[in-house]
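Asker: Single-letter residue listing:
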Amino acid sequence: MSTIAFAGAIELGLVYAFVGLAVFLAFRVLDFPDLTVDGSFPLGAGVAAVAITAGIDPWGATVMAAAAGACAGLVTATLNQRFGILHLLASILTMIALFSVSLRVMGRPNVAILTQATMLTPFYGHGLRDYLVRPLFLAVLVAITVAVLARFLVSDFGLAMRATGANPKMARAQGISTRSQIYTGMALSNALVGIAGALFAQTNGFADVTTGVGTIVVGLAAVIIGETLFRFGGILVALIGCVVGSIAYRIAIQLALSADFLGLQPSDLNLVTAVLVALALILPRLRGVGLRT
Amino acid sequence: MIRVAELTVTFGRRTPLEKQALAGIDLAVESGEFVSVIGSNGAGKSTLLSAIAGDVPVTGGRIVIDGIDVTGQSTPERSARVARVFQDPLAGSCGTLTIEENLALAVARGHRRGLARALSHERRTLFRERVAELGLGLEGRLHDRMALLSGGQRQSLALLMATLAKSSVLLLDEHTAALDPGMAEFVLDLTRRTVAEHRLTTLMVTHSMRQALDLGTRTIMLHEGRLVLDVKGEERAGLTVGALVAMFRRQRGQTLDDDALLID
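From first to last, the protein sequence lines are chains U and W. Taken in order, the first sequence gives residues 1 to 293; the numbers are from the numbering used here. Taken in order, the second sequence gives residues 1 to 264; the numbers are from the numbering used here.
Since the hints were made in silico from the structure, they are not lab data. Among these hints, one or two may not hold up.
Claimed, not checked - Computed beta-carbon distance windows for the label pairs:
hint	chain 1	residue 1	chain 2	residue 2	range
1	W	139	U	152	26 to 34 Å
2	W	80	U	229	36 to 44 Å
3	U	88	W	210	45 to 53 Å
4	U	89	W	132	46 to 54 Å
5	U	229	W	147	19 to 27 Å
6	U	85	W	14	41 to 49 Å
7	W	66	U	82	44 to 52 Å
Note that the structure is a prediction, hence the values are computed from the model and not measured. Where is the CB? At the ideal position from N, CA and C, for every residue including glycine.
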């Protein structure tokens, strides 16, 4: 694997680290299996790409992408909490709907922003190669996000959110409105996915409505690999695990695809992903230790 | 102070499985009173507690706590006034959170939950002191996950959590039923001390006639969703377990098949 390919793997891993953190929030903190992310990822990418093309500041465009993702999360939460639709089904409905919404937002399946100024533009051309600027920039963003999230989850409000997922009956008895916690958590989770989409668009130079397929699996892979690597520790360690898991996943994929003796080709990506996630799930069991939930 | 008026709860209304769990309960519990609630299976004891806590929607009647009509309020809305300990030791706390995190959840009951650190220095000091008072040696294990503790330890902490934030009503739903005899005795003793110290208006559901007479200041008996017995003061002081069962028979005018269950 070349240096550029390696840097590229880390770059993609850092973009999807936001998805990993989002999936951790929904699946682990709230115990809400949320597939909305497959829709909110291209939505975030599309909103950011269109906004940037329209001349809006790329930071502003990214905030708009986060807001769009949050709205998507709120739709799923409303279907589930207000109308009693099973969480998994509610999220699938939103995900399906978002495919059309993203197409409407972009007006076409693919929007290129290769020539536009992005969040990264000011950092290019200061002596560092572009393929190194991108992962460094992303690493700073991810670090800030992890720090803020970790601080949030040890606050009174964040603790209430964790209780909502861990024991909703107890949470309600302690005066926690589990309903508003789920609304907030789902909005936050999908806002993170929206940001991931926006960053994907800006680092790759395009937004495409099909990029959402399998986002949830990649996010889950990050969470599960993270849990396998960091099996003990508090909430900060768990969040760092999601980031490391996301990067490890990308490197493993890159290694598998570039190892000539395996004879794999890029179209085998989904198979390799499935095998990797299955391995991450099976290995801790073989060691006789259950996964942290 | 609790006022329950003409309270009815019907499960599965207008279905073949319709079941009237509470068939018009009138009950007034004064501040500081400790009421033990007995009755056979399906008598409506737990339903009464759940209705007061807000977990079970009422079909008719009113529930007033401290002069405020809470009939239409959700469980979280009532929680500032009502503390609970469940029968299942796993139900009252979060196993995946640490002891101190669980305590932090409980100390914020009835308060707005903001973005301040849940585990401030002051709170940690408070938790260590209060947990040490239990005498279980758990004050050195505040960083441990709740899931590592035994049922009795969790139930003792649940009682402590019920008193960390101010409340006026304490609801205990067979909170010692899942514990071994030794631990049950410890938790009952802790209950006695806790209720006396915090002067809580308490409702305690129990299956044991002995417990019902030993603890508290008043005993009520439910049968098929109705209040069939209500004793306190000297009348209650003179009661034996045998007399209580006999009284129950007289009230219902029938012989129970499960007498054995009612006697300790």
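Asker: Does each hint fit the structure? Answer for all of them.
Answerer: These are the hints, each one checked on the structure:
1. 139/W with 152/U: 26 to 34 Å: 28 Å, holds
2. 80/W with 229/U: 36 to 44 Å: 42 Å, holds
3. 88/U with 210/W: 45 to 53 Å: 48 Å, holds
4. 89/U with 132/W: 46 to 54 Å: 49 Å, holds
5. 229/U with 147/W: 19 to 27 Å: Distance hint for residue 229/U, residue 147/W holds at roughly 22 Å.
6. 85/U with 14/W: 41 to 49 Å: 24 Å, violated
7. 66/W with 82/U: 44 to 52 Å: 31 Å, violated
Going down the numbered hints, you'll see the structure goes against 6, 7, while the others check out.
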